[in-house]
Amino acid sequence: MNAQFKRGIVELCVLSELVMEDMYGYRIINNISKDIDVNENTIYPILRRLTKEGHFTTYLVESDLGAPRKYYKVTEKGFNYYLELRDSWDNFIGGVYEILNRGGKKNEQISERFRKRVKKSKSE
Amino acid sequence: MNKFLKDLEKELKNLKVSEKDIKEILDDHKEMIEAAMNDGLDELQIEEKFGKPKTLAKDLQDDTSKLDEKTNYNFSDVGSCVKVDTNSFNLVKTFPMISEEFSITIGLISDDFNLTPYDGESIQVYEKNVKKIEEYTILFEKNELLIKKDKVKIKVFSFSSNSGEFLVLVPKDIDISKFDYKTVSGDANVNGVKSEDINVKSTSGDLELTNIDGKNMKFTTVSGDIEILRLQGNQFEVSVVSGDLEMKHVVIKGNMELHSVSGDVELFEVECEEADFKTVSGDLEGNEFYPSQVSLKSVSGDITITNRNVLKDINIISKKTVSGDININ
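Protein chains in written order, with the numbering used here: chain A, 1 to 124; chain B, 1 to 329.
Take the hints with a grain of salt, since some may be wrong.
[To be verified] Listed below are the simulated DMTMM-like cross-link pairs for lysine to aspartate or glutamate, each with C-alpha atoms no more than 20 Å apart in a straight line:
#  : chain 1 : residue 1 : chain 2 : residue 2
1  : B       : K248      : A       : E84
2  : B       : K201      : B       : D173
3  : A       : K52       : B       : E24
4  : B       : K49       : A       : D35
5  : A       : K73       : B       : E24
6  : A       : K52       : B       : D180
7  : B       : K278      : B       : E237
8  : B       : K172      : B       : E134
9  : B       : K172      : B       : E121
10 : A       : K73       : B       : D283
11 : B       : K182      : B       : E237
12 : B       : K142      : B       : D180
13 : A       : K70       : B       : D28
[As the list claims (entries may be wrong)] Which chain B residues stay away from chain A? Per the calculated CB distances, all over 12 Å, these:
#  : residue
14 : D27
15 : H29
16 : T55
17 : S99
18 : G120
19 : K131
20 : N189
21 : Q232
22 : E271
23 : S295
24 : I316
25 : K319
Since the hints were derived computationally from the structure, they do not count as laboratory data.
Don't be surprised by glycine CBs; every beta carbon is placed ideally from N, CA and C.
With these hints in hand, go ahead and build the complete structure from the sequences.
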């Protein structure tokens, strides 16, 4: 997938996770990489940039298992940004599905249509 | 995992990331790797999860440098300096700055023009690919910097479109009493001007203006595009015929007039007292556009204003259109 495009989507996912609750870095990475194929080197730069831009603040929490952990918290600005991004994502993906669904919803349906069409053009 | 941290540190140092940032990044990673180990991940899994230090460092550097450009600037400090690479230019003249204030008058035909503040004490004029520098007047007199292409007889059959480029560096934090710029087809890139009066006029040359602070400002082009990023002032007048106008982060204390014939206008985060917009067929798209009062007039152009802050009221004095749509959300 195009790196720039992927970064935008991951940014939205990071925001979404943190809108739910404050989390420390590794937990965010873990939660996201469970569902989509990304690793730390995509997520961490996003965390850092959004923090610098004032979308997140951070605070430290002592941990029983070693060094204190840095928690990320969404600011008002970050929350508004999330809503905005979420909106444009919904619009975009909605549009993409409009287009894709024109050709059929399920693979079988799509294949069937396509084979028919190929057959037809051959027999002509 | 120490290897990961060491490699990351090395890569970041190679990319000249600041010491402070490197320390922060390494601390964050120490913490995250520790958390991953507590989760029971082994070296191999961690390696997979954290990826290559080299790509990570590159991504971080990209983001940091982009941020610095954005955040280094604030309106009280218009003279924020951009590192200027003068290597490809030739120094033409240097004028010592003796007075506190001076004006700038530029009159060019097809040469491009760049202006930016820098950390030095004198005014420096550079050129690149300018043919026949003797046909230009470049002087500093009576507190005025003048760069002008002299009138020469135009040979009918010469299509010499050999245009060059000028670069002017002015000491930062200095007030310019008047900035007057005229060109026919040359592009201009003006950064960090703080001046009472700013007059910019171009026929087909594009204008790129960044970090501008002026009391009275007037920008005019025929077919040249205007791109404005971060501008503040008291009065602002922009007029384009077919060129497009794009304005981002603009705060005008007084009134703003925007006139376009067929050029499209795009506004983002623009605030002013009274706004007057007129167009024939150009569209206006305003996002986060907050004038206290506004008059809109269009023949066939569409006007769309979308604002998120519903608390700020916009008083619409008049809106007229023949066939265009006006939408204010």
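Self-check item: Pair hint outcome, K201 (chain B) versus D173 (chain B) [Cα-Cα no greater than 20 Å]
Solution: 25 Å, violated
Exercise. For the pair we were handed, K73 (chain A) and D283 (chain B), check the Cα-Cα distance against 20 Å.
Key: 40 Å, violated
Exercise. Take the C-alpha atoms of K172 (chain B) and E121 (chain B), compute the straight-line distance between them, and say whether it is at most 20 Å.
Key: 8 Å, holds
Quiz item: If you draw a straight line from the CA of K52 (chain A) to the CA of E24 (chain B), is it 20 Å or shorter?
Solution: Since the Cα atoms of K52 (chain A) and E24 (chain B) sit roughly 12 Å apart, the hinted pair holds (cutoff 20 Å).
Quiz item: K248 (chain B) and E84 (chain A): Cα distance at most 20 Å?
Solution: 18 Å, holds
Quiz item: Are K172 (chain B) and E134 (chain B) close enough, with their CA atoms no more than 20 Å apart?
Solution: Since the Cα atoms of K172 (chain B) and E134 (chain B) sit roughly 29 Å apart, the hinted pair is violated (cutoff 20 Å).
Quiz item: Q232 (chain B) clear of chain A by more than 12 Å, beta carbon to beta carbon?
Solution: Check passes; 21 Å lies beyond 12 Å.
Self-check item: Non-interface label on D27 (chain B), tested against every C-beta of chain A at 12 Å
Solution: With a cut-off of 12 Å, D27 (chain B) comes too close to chain A, as the shortest Cβ separation is near 8 Å.
Quiz item: Taking 20 Å as the top limit, are the C-alpha atoms of K73 (chain A) and E24 (chain B) close enough?
Solution: Holds, because 18 Å separates the two Cα atoms, which is no more than 20 Å.
Practice problem: For the pair supplied as a hint, K278 (chain B) and E237 (chain B), confirm whether the alpha-carbon distance does not exceed 20 Å. | Solution: Holds. K278 (chain B) to E237 (chain B) sits at ~12 Å (cutoff 20 Å).
Quiz prompt | Restraint check for K49 (chain B) with D35 (chain A), where alpha carbons must lie at most 20 Å apart | solution = 13 Å, holds
Practice problem: Confirm or reject the statement that S295 (chain B) sits farther than 12 Å, beta carbon to beta carbon, from all of chain A. | Solution: 29 Å, holds
Figure legend: structure checked against the earlier numbered hints; hints not met, in rising order: 2, 6, 8, 10, 14, 15, 16.
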